[in-house]
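Visitor: One-letter residues, chain by chain:
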Amino acid sequence: MTPLDAVRAAWFAEVLKVRRSTVPAMTALAAAFPAAIAALFMLIAADPDRARRLGILGAKSSLTGVTADWSGLLSFLAQVVAVGDLLLVAFIATWVFGREAQDGTLRYLLALPVPRWAVVTAKLAIVAVWTIALHLWISGLFCLVGLALGLPGATGTVIVGGLATAALAAALMLAVTAGPVAAAASAGRGYLPPLAAALGALLVSQVAAALGFAAAVPWSIPAVAAGLAPGVALGPGAVLLAAVTACAGVAATVTWWQSSRAGA
Amino acid sequence: MAEGCAGEVNAGAPAIEVRGLTHRFGSSTVLDGIDLSIGTGLVYGFLGRNGAGKTTLIRSLLGLLAPAAGEIRLLGTPVSGGRTPADLWRHVGYLVEGPGLYPTLTVQDHLAVAARYRELSPAAIDRIVDQLGLGPFSHVAARALSLGNRQRLGLALALVHRPRLVVLDEPVNGLDPAGVVEVRQLIRGLADEGVTVFMSSHLIAEVARLADRVGVIHTGRLVDELDASQLGGPRRLVSTFRSADAARCALAALRAEHIDAALSGADPATTVESIDPAALGAPDRVARIIVGAGAPPTSLTVEHVDLEGLFLDLTREVAA
Chain X
1 MTPLDAVRAA
11 WFAEVLKVRR
21 STVPAMTALA
31 AAFPAAIAAL
41 FMLIAADPDR
51 ARRLGILGAK
61 SSLTGVTADW
71 SGLLSFLAQV
81 VAVGDLLLVA
91 FIATWVFGRE
101 AQDGTLRYLL
111 ALPVPRWAVV
121 TAKLAIVAVW
131 TIALHLWISG
141 LFCLVGLALG
151 LPGATGTVIV
161 GGLATAALAA
171 ALMLAVTAGP
181 VAAAASAGRG
191 YLPPLAAALG
201 ALLVSQVAAA
211 LGFAAAVPWS
221 IPAVAAGLAP
231 GVALGPGAVL
241 LAAVTACAGV
251 AATVTWWQSS
261 RAGA
Chain F
265 MAEGCAGEVN
275 AGAPAIEVRG
285 LTHRFGSSTV
295 LDGIDLSIGT
305 GLVYGFLGRN
315 GAGKTTLIRS
325 LLGLLAPAAG
335 EIRLLGTPVS
345 GGRTPADLWR
355 HVGYLVEGPG
365 LYPTLTVQDH
375 LAVAARYREL
385 SPAAIDRIVD
395 QLGLGPFSHV
405 AARALSLGNR
415 QRLGLALALV
425 HRPRLVVLDE
435 PVNGLDPAGV
445 VEVRQLIRGL
455 ADEGVTVFMS
465 SHLIAEVARL
475 ADRVGVIHTG
485 RLVDELDASQ
495 LGGPRRLVST
505 FRSADAARCA
515 LAALRAEHID
525 AALSGADPAT
535 TVESIDPAAL
545 GAPDRVARII
555 VGAGAPPTSL
565 TVEHVDLEGL
575 FLDLTREVAA
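Chains X and F supply the protein sequences, listed in that same order.
In terms of my numbering, the first sequence opens at residue 1 and continues consecutively.
In terms of my numbering, the second sequence opens at residue 265 and continues consecutively.
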């Protein structure tokens, strides 16, 4: 079997596991929730008085920083991606890697006539494809919200620029999260260690952003890319840090799989 | 497409070779210098009480545990965790601590995945499905299978690639009586085809019925190995007397005839036991000696080697 055939075999297995599961549908449903929130916010921002009359906004409340136009909508998308994708990618990577130990299938995966790195490659690929599919889904939903509400400011520059910013934030979050979470799920042999690590990363990234060090913490770099960290620009240092984090996570995952005996 | 043993892995080597295998969990020694050599085409039954080290040995054999010391070779290839050549697993199948199944994948899905990983033809899948009677459950998700059918699927995954060595931990666990018979025939058939089967079980009768050779592990040590041909042979001659004086008299008479024997039973002992081949081979002569000495026994019994008795004796003796 060639290395490519080995990766194909592992990919076939991973795709089948995803196809037979309801988890992808659940993640799609969860990813639709921010679009519903966005629609609500756009409705309120477009006409706060009507919102108060309808009872969806308190009498003395107001939405600050939200504008009812395409720019505001796609800015909200970037915010959702820059923060929410950490949990989304962590959840997917945890499910893809952590379930093997949880379901008792790891000991069989480690004794297959294919290189273990091929299995890891297929798993990381499925995490990436799943995340990208969800990103396209959520971006599409946001666009539908914009079209349905007839938001103003639908210029090509605004829409392409807004979607590109969100895509960049999503790509960065996928890069800095998938590998480390996969490593935590593999070494932690289950669901809780990687999810705990992701929550820790989320906390650290929020604190770092609040203190003005967003570019120095891998998991707040997507927020920098989304323009959510005032005064902090996405420089080469931040991109390098994201790349190093991604490589370290993948390397740690592959190393664990290559050396693991599954039953220690 | 390759089907089964593509390429050879040291064809002349023993199927399993273990030297000085030691494993520790913290300060507790779970395996203590195990030596084992199992030739090809044998069914090797492996017995031990709970916690004796059976599963640890099996996991070590498959490279799932790193031993503290010792060497393991499967089909002549050193087993060393992630450094084990991946190609070895083309020739080894195993079912350890229950089948590892994906709950939402069907029987057919599991076998399709195995076929991809092992480059098997559809005919290989059809054959194992037929052999294990999984046909009616092809489209049933693993989580909906009964315990017995989960076990059948686990066995199918262990055997689908026609391995040269099969390691099975409690292979008939959860199977109904008909399933037990089917698996027994399957295992026997594998051995007849030259496949080595290493099988651990709590079911002594099942091991006795199937195994060509049996190993008994106790407190981490391999305390005995015996061939199936030894089972059923005479093991101990036991003479019981009305009084301790009669027993002593019979003992003296036997020793005078150079037959090794000993008193046993509660004090005062009224039983004489012998494992001397001279006694085991000629119980009528023993009867004549002790009757001639004026100590007629109330009973004289030749106990035969049965695996259950031997297992209990071995594990009790070592514990004592």
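Since the hints were derived computationally from the structure, they do not count as laboratory data.
A hint or two may mislead.
What the hints assert, rightly or not - Each pair of labels, with its calculated beta carbon distance range: (1) F:Val404 / X:Thr2: 27 to 35 Å; (2) F:Ser385 / X:Leu29: 38 to 46 Å; (3) X:Ala25 / F:Val404: 32 to 40 Å; (4) X:Asp103 / F:Val502: 51 to 59 Å; (5) X:Asp103 / F:Gly397: 39 to 47 Å; (6) X:Gly235 / F:Ser402: 26 to 34 Å; (7) X:Ser21 / F:Leu411: 16 to 24 Å.
Unchecked claim - According to the in silico footprint, chain F covers these stretches of chain X (three or more CB under 8 Å from chain F): (8) 1–15; (9) 160–170.
What the hints assert, rightly or not - Part of the chain F face toward chain X, derived, beta carbon under 10 Å: (10) Arg323; (11) Asp351; (12) Pro363; (13) Thr370; (14) Ala376; (15) Glu383; (16) Ala387; (17) Ile389; (18) Asp390; (19) Arg391.
Backbone N, C-alpha and C fix where the C-beta goes; we use that ideal spot for every residue, glycine too.
Visitor: Confirm or reject each hint.
Guide: Evaluation of the provided hints:
In this structure, F:Val404 and X:Thr2 meet the distance hint of 27 to 35 Å, their C-beta atoms being roughly 34 Å apart. Roughly 40 Å separates the CB atoms of F:Ser385 and X:Leu29, a value that falls within the hinted 38 to 46 Å. Against the hinted window of 32 to 40 Å, the Cβ-Cβ separation of X:Ala25 and F:Val404 comes to about 21 Å, which falls outside the hint. Taken as a hint, the range 51 to 59 Å holds for the pair X:Asp103 and F:Val502, whose Cβ atoms sit roughly 53 Å apart.
Distance hint check for X:Asp103 and F:Gly397: the Cβ-Cβ separation is about 24 Å, which falls outside the suggested range of 39 to 47 Å. Under the hint 26 to 34 Å, the C-beta atoms of X:Gly235 and F:Ser402, about 57 Å apart, miss the expected range. The given range of 16 to 24 Å is respected by X:Ser21 and F:Leu411, whose C-beta atoms sit roughly 23 Å from each other. Requiring three or more residues with a Cβ within less than 8 Å of a Cβ of chain F, the coverage given for the region 1–15 of chain X holds, as 7 such residues are present.
Beta-carbon proximity to chain F at under 8 Å applies to 0 residues in the region 160–170 of chain X; the threshold of 3 is not reached and the given coverage is violated. For F:Arg323, the suggested interface contact is upheld, since its CB lies about 5 Å from the closest CB of chain X, less than 10 Å. With a least beta-carbon distance of about 6 Å to chain X, the hint placing F:Asp351 at the interface is held under the 10 Å criterion. Interface hint status for F:Pro363: upheld, as the beta-carbon distance to the closest one in chain X is roughly 8 Å, under 10 Å.
Satisfaction of the interface hint for F:Thr370 is found here, the shortest Cβ-Cβ separation to chain X being roughly 8 Å, below the 10 Å cut-off. Here the hint on F:Ala376 is kept, as its CB sits about 7 Å from the closest CB of chain X, short of 10 Å. Using the Cβ-Cβ criterion of 10 Å, the hint placing F:Glu383 at the interface with chain X is satisfied: the shortest such distance is roughly 6 Å. The restraint placing F:Ala387 at the interface with chain X is violated, with a minimum CB-CB distance near 18 Å, outside the 10 Å limit.
The closest approach between the C-beta of F:Ile389 and any C-beta of chain X is roughly 14 Å, which is over the 10 Å cut-off, so the hint fails. Given hint, F:Asp390 at the interface with chain X, is violated; its Cβ is 19 Å from that chain's nearest Cβ, farther than 10 Å. This hint is violated: F:Arg391 has a C-beta 19 Å from the nearest C-beta of chain X, more than the 10 Å allowed.
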